[in-house]
Structures are given as structure tokens and as C-alpha cells.
Amino acid sequence: MMRKRLAWAVFVLAGVFVASSPAMTQQNTPAKQAPQGNQPAANPPRRGPAPPVEGPPHDPHDLTGVWNARRGYGGDTYPGPGPELTAWGEEQFKKAKASNGGEYTLEQTNDPVITKCYPPGVPRIYLQPFPMQIVQTPKEVILLFEYDHTVREVFTDGRKHPDADALTPTYMGNSIGHWDGDTFVVDTVGFNDKTWLDRSGRPHSDQLHVIERFHRMNERDLELDITMEDPKALAKPWQVHFGFQLHPDWTLQEQVCADNGAFVNFEK
Amino acid sequence: MRTKLFSLIALGVLLALSVPAFAHHGSAAYDMSKTVTVTGTVTDFQFVNPHVLIAMDVKDPATGKIEHWQGELTSPNHLARAGWTKSTIKPGDELTITGGPAKSGSPTMWIRKVSKDGQEVSLGGGGDN
Numbered sequence: 020m021m022r023k024r025l026a027w028a029v030f031v032l033a034g035v036f037v038a039s040s041p042a043m044t045q046q047n048t049p050a051k052q053a054p055q056g057n058q059p060a061a062n063p064p065r066r067g068p069a070p071p072v073e074g075p076p077h078d079p080h081d082l083t084g085v086w087n088a089r090r091g092y093g094g095d096t097y098p099g100p101g102p103e104l105t106a107w108g109e110e111q112f113k114k115a116k117a118s119n120g121g122e123y124t125l126e127q128t129n130d131p132v133i134t135k136c137y138p139p140g141v142p143r144i145y146l147q148p149f150p151m152q153i154v155q156t157p158k159e160v161i162l163l164f165e166y167d168h169t170v171r172e173v174f175t176d177g178r179k180h181p182d183a184d185a186l187t188p189t190y191m192g193n194s195i196g197h198w199d200g201d202t203f204v205v206d207t208v209g210f211n212d213k214t215w216l217d218r219s220g221r222p223h224s225d226q227l228h229v230i231e232r233f234h235r236m237n238e239r240d241l242e243l244d245i246t247m248e249d250p251k252a253l254a255k256p257w258q259v260h261f262g263f264q265l266h267p268d269w270t271l272q273e274q275v276c277a278d279n280g281a282f283v284n285f286e287k
Numbered sequence: 009m010r011t012k013l014f015s016l017i018a019l020g021v022l023l024a025l026s027v028p029a030f031a032h033h034g035s036a037a038y039d040m041s042k043t044v045t046v047t048g049t050v051t052d053f054q055f056v057n058p059h060v061l062i063a064m065d066v067k068d069p070a071t072g073k074i075e076h077w078q079g080e081l082t083s084p085n086h087l088a089r090a091g092w093t094k095s096t097i098k099p100g101d102e103l104t105i106t107g108g109p110a111k112s113g114s115p116t117m118w119i120r121k122v123s124k125d126g127q128e129v130s131l132g133g134g135g136d137n
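The listed protein sequences derive, respectively, from chains A and B. Quick note on numbering: the first sequence equals residues 20 to 287 in our numbering. Quick note on numbering: the second sequence equals residues 9 to 137 in our numbering.
Possibly wrong hints are sitting among the right ones.
With a straight-line Cα cutoff of 30 Å, these simulated BS3-like cross-link-like pairs (lysine-lysine) come out [said to hold, decoys possible]:
#	chain 1	residue 1	chain 2	residue 2
1	B	121	B	73
2	A	179	A	213
3	A	179	A	116
4	B	67	B	98
5	B	73	B	111
6	B	94	A	135
7	B	42	B	98
8	A	179	A	251
9	A	113	B	73
10	A	255	A	116
11	B	111	A	116
12	A	135	B	98
13	A	135	A	113
14	A	114	B	124
15	A	116	B	42
Simulated from the structure, these hints should not be mistaken for laboratory data.
Here chain B stands alone, though its shape is the one from the complex (with noise of 0.2 Å):
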């Protein structure tokens, strides 16, 4: 019983110090040789340095299961250059947003294309910087 006990405090342990799934760290984190799209509705979009964030919450349609998905885009400076604001993206807007997705298989990715209401939103030349 104590054994079981520690072990249930040792695993709340652990899962209070591990690291979020999509916490994968510089280039090496995505595989900007594949591609993925996932249509959703966003629910935090972070117009902040270094890196504009968008998080969302993807529906499966065979299961009606949501899984919740970040997106990373360039910096702010250079959206900002394209006419992005930081009202651009707000939460419950629907976007499809398609990019390299992460190595670790979660569900994150590096932003390379961002559709609103079906019309893409510019990114700015290269959209990299």
C-alpha cells in the first residue's frame, strides 16, 4: 500500500516537472522537409518577440476528438512590415495553417502558410525572417 502510495506521489512528481509536449527547442526541433495543414479554431494568438504564436484547437472529423495544436511563425517586426497587427488573428477565428511539423511528432508546427476564411494571409516576402 505505501508502495503504491509513493509511486502514485513519484509519477504526480514527474508529471509535474516534465516538460510540455511541444517544448522542442531551435530548427532542430522541426522537419521543414515535410508539410502538414490542420484547419481549426484559434484560441490564443501571442503577437510577441521573438516569434508570433498561434494556438488552436483541431476537431478530427472521424472521431470528433480535438486535439490542440501551436503554430510558430516569423517574427513580429517582419509581420508587422506585411500589415499584420496584433489583432490580425483572434480567438474563435477558423484558420488552416500549414507548416513543417515538429520531429517529436507533437502537434506543433513552423508556420509557412496561414489561410483566414479561405483567403491566405501574406506572410511577407519569404516569410522566414
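Next up, chain A with everything else stripped away, as it sits in the complex (with noise of 0.2 Å):
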């Protein structure tokens, strides 16, 4: 029986690193409110594949609703060339036995996500195949995602970031934003040094500066431009697109990263 229960566990756990790849099938509803159209950023940032502008108008504004990523993001790591690491960074990636995309299997990885349940870290937590949940208030903006109850906060009522004495590190940043036009800019320092920049093993450190910008094209599709700064692990910034898709119709459900380690203790 116990082995039985050992042999069920190993095995569910196996998959947990079976390259992902989110699809996306729904289609929207009508469109709520259409102050600005499908009208483009006057300087667009730098895209990925380019989605579809016609259908609906809507707000730019509005980054309400449940979003899960793009057919074609998603794995282990974000479409187009990897970054630049300095020596440093070197060392750490030669360290990192990833499993999702990687040659590692579950009792070799060293990725703290798997094997410890550490809060994945951004722009990690975008790589993590489940949608998330944009709610906006007047004095933040909320993210909250299907993986593993995780949450950010970004501030929107125009305070600053904590001075670098009082900011205490942490897996997910400390996240103010602000508009920049149709554009959504959200800036977050204070992390620590636990995680990766993505499922592959790219590493950073408490030095990381996360610079994202979202911007919702049209009813459908919002689309998010990622810069990560970090003098120590990267030799220039890693600039990273990554696109979202609409689903009116779902709601998060619960996912829980302990239910792997419940079955078998794979700490490490």
C-alpha cells in the first residue's frame, strides 16, 4: 500500500515538468466601454507576434479580467534570445538543473520553485502554466494568480518604493506602477535572491530591477514588455515580451504547490 502510495506520488510528480505550453480557445464577449478604440500606443514598445486589432473597442484602461497566456508563451522561458549574464550569473546558470525544458529529472532538479514551494519570483510567475486575475482599485492595482495563491500588489496612489534601508527582500518585489498613457508601467525592486528569471535557471539577485510594461491592444489581447536590470547576474538588461489573452468567462481555481510534496517529501 505504501508503495503503491510512493509509486502514484513519484509519478504525478514526474509530470509536474512536462514542458507547458497555455492554449488559449475562448473567445471574447462584447466589450464593455470604448473611450479610446483600438487606437495604438504613439510608440509602441518593442512586440512579440503581432494579435489581431480589429473586433470590439475597448478601454485601454481596463486591465480588469482573468488573462492567461498567449498561445506561444509560456515553457521554460520567454520567446526570443536569452540574456546577456555576467560572470557571475555564469556560475549560478552552470548551477541550476532546470526539469521543465531541461535534461534534469525531478530527484536531480535543484529549482526552488519544485522542490521547496518558494514563490516564483518575476517575471518567473508568468511562466507558470495558469492564468491570473487583474483587479483594479483606485490605490492599486492586484494580481493575483492561479498558481499557488500568489499575489502582487502594485501600488498606484503615488507613493515610492521604501528606501533601500527599510526594504525588506522578498520572492515577489515591493511594485509601484503608474500610466504612461494607454500604457500600464509597473516598476518593482526589493526582492531577494531565492529564485529565477525563468524555468530554465536564469538566475538573479537582490540587486534585480524588474521594469514591466502592459498594454492592453484591443478586447482581447494584452500585451506585456518585461526589462530586468541586475548589475550582478545580468551584463546588460533583458528585455522580454510576453502575451495574454482574455477569457470572460473563467475563474481562477485553486492550485496548490504543497499537494506535490504531499505526496512524497522531496525537499532538498
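Each chain sits in its own coordinate frame; assemble them with the hints.
Here it is, written out as C-alpha cells:
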């Protein structure tokens, strides 16, 4: 009985790393308001595959809803070239034993999210193959992630980041946001150094600084340009792009990392 | 005699400690460039995080021998959005599953397609989430 349970456990966990590529098939419901229509930004930042811009009008300042990675986004890392790492970064990357998209088995991986259920950090959270819900309030934008109840609060009340001395290092960092035209810009600092930048093991330090630019291109598509700066790990900023699709009929479900460990203790 | 007894005990210990045949780990465990299809009777269905599992008894039509297969699916969250519940598959159901086999050769697979009573059961868009 015990052995059977262990067998199931190991089998369950084995699949955690099978490459995942979120897929979307949902279509949108009619638009809400259209104060500005489908106008592209005056100076659109670098983007990935161009989404369709036809369709119902939308409010580019309304990011609320449940969003899932658009087809082509997900897996072990972001589309496009990888980062240029510093010598320290290369050293850390060599130590990383990734299983998602990598060659290491569950017993061999040292992915901290898998082995310790650490929060994935930013921007890796977007690579976890589960949707996110964006909630907008007058003073903050809240990002709720289905993956392991992960939450980010992006303050929009005009506050600044705490002084470095007062900034407690965290997995998801300290985020403040503001609107730059139709683009919602999120600035995040105050990370610890316990997680990876992606699921392949690209490292970061506690000097990581992430700038995200969210732009709702149309009713269905949300584009995200991400710039990662980390003088200790990255020889130059790493710029990547991510794409989301709205799923109006979805709600977030429960997903618990601890369930993985309930079957077998794989702490390393 | 003593040596033989010791060997038997040692063998027993080894068997008790041995990792189950399907204890492979991670994507490296499956050969997704290959495809295998088996038809059998469900013995267990686990609608659990992080991935849903199906166990089946598969009878070799030539020899009549029963082989126990295990199949792994995407997350229950993803399957729920495709309409699955914990009762979508039950022990005793006749299923055909198709997927990438384990590199180890053990009777396990990463399932890409499920058919029940001759009808394909949707895994949702992509099915890899």
C-alpha cells in the first residue's frame, strides 16, 4: 500500500516538468466601454507576435479580468534571445538543474519553486502555466495568480518604493505603478535572490529591478514588455515580451504547490 | 546455505527498496517524439494536482497477458476548464489513450488523447497546460 502510494506520488511529480504551453481557445464577450477605441500607443514598445487589432472597442485603461498566456508563450522561458549573463550569472546558471525544458529529473532538479514551493518571483510567475486575474482599485492594481495563490500588489497611489534600508527582500518584490498614456508601467525592486528569472534557471540577485509595461491592444489581447536589470547577474538588461488573452468566462481555481509534496518529501 | 539465505534476504531488501518501474521524473522521462496507443480497463483515476492520472489494465490480445499502464494528463485546473470533473473517468471504464511513452520502456505515457466509448474526450486547447 505504502509502496503503491509512493509510486503514485513519484508518478504525479514526474509530470510537473513536462513542458507546458498554455493554450487558449476562448473568444471574448462583447466589449464594455470604448473611450479610446483600438488606437495603438503613440510609441509602441517592442512587441511579440502582433495580435489582431480588429474587434470590439475596448478601454485600454481597463486591465481587469482573467488572463492566460497566449499561444506561443509559456514553457521554460520567454520567446526570443536569452540574457547576456555576467561571470557570476554564468556561474549560477551552470549550477541550475532545470527540469522544465531541461534534462534533469525530479530527483535531480534544484529548481527552488519545484523543490521548496518558493513563490516563483517576477517575471517567472508568468511562465507558470496557470492564468492570472487583474483587479483594479483606486489605490492599487492587484495581480492574483492561480499558481499557488500568488499575489502581487502594485500601488498606484503615488507612493515611492521604501528606502533601500527599509526594503525587506521578498520573492515577489515591491511594486509601484503608473499610467504612461495607455500603458500601465510597473516598477519592482526589493527582491530576494532565492528564485530564478525563468524556468530554465536564469539567475538573479537581490539587485534585480523589473520594469513591466502592460498594454491592452484590444478587447482580447494584453501585451507585456518586461525589462530585467541586475548588475550582478545580467551583463545588460534582458528585454522580453509576453502575451495574454482575456478569458471572460473563467474564474481562478485552486492550485496548491504543497500538493506536490503531500505525496513524497522531495525537499533538497 | 547461510550464503544462500543471505542472498535471498539481500534480494528481498533490494526489491523492497527498489523504485517502482514507473518512477521516472520530469519531461526528460518521456519521449514525446514517439506515440503509443493502448486500450484497456480503468483501474484508478486520480483527479489531483499537479497532474491527473489514469491507471489501466491492458490485455494483450495475442497472449491474453495483462499489462498495467499508467497515463499522466495535464493539470486538473486545465481539464476542469475543458469540462472534466473527478467523475469524468471511473474505474471499469474502457479507454483508449495515446501519448508519448516513457523513455525507460516502462508502461507509462504522457497522454495526448483520450477516447472513451469510441468518443474522444477533449483535453482543452493544447492539453499541455
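List in ascending order the numbers of the hints, as given earlier, that are violated by the structure. Violated: hints 3, 9, 12, 14.
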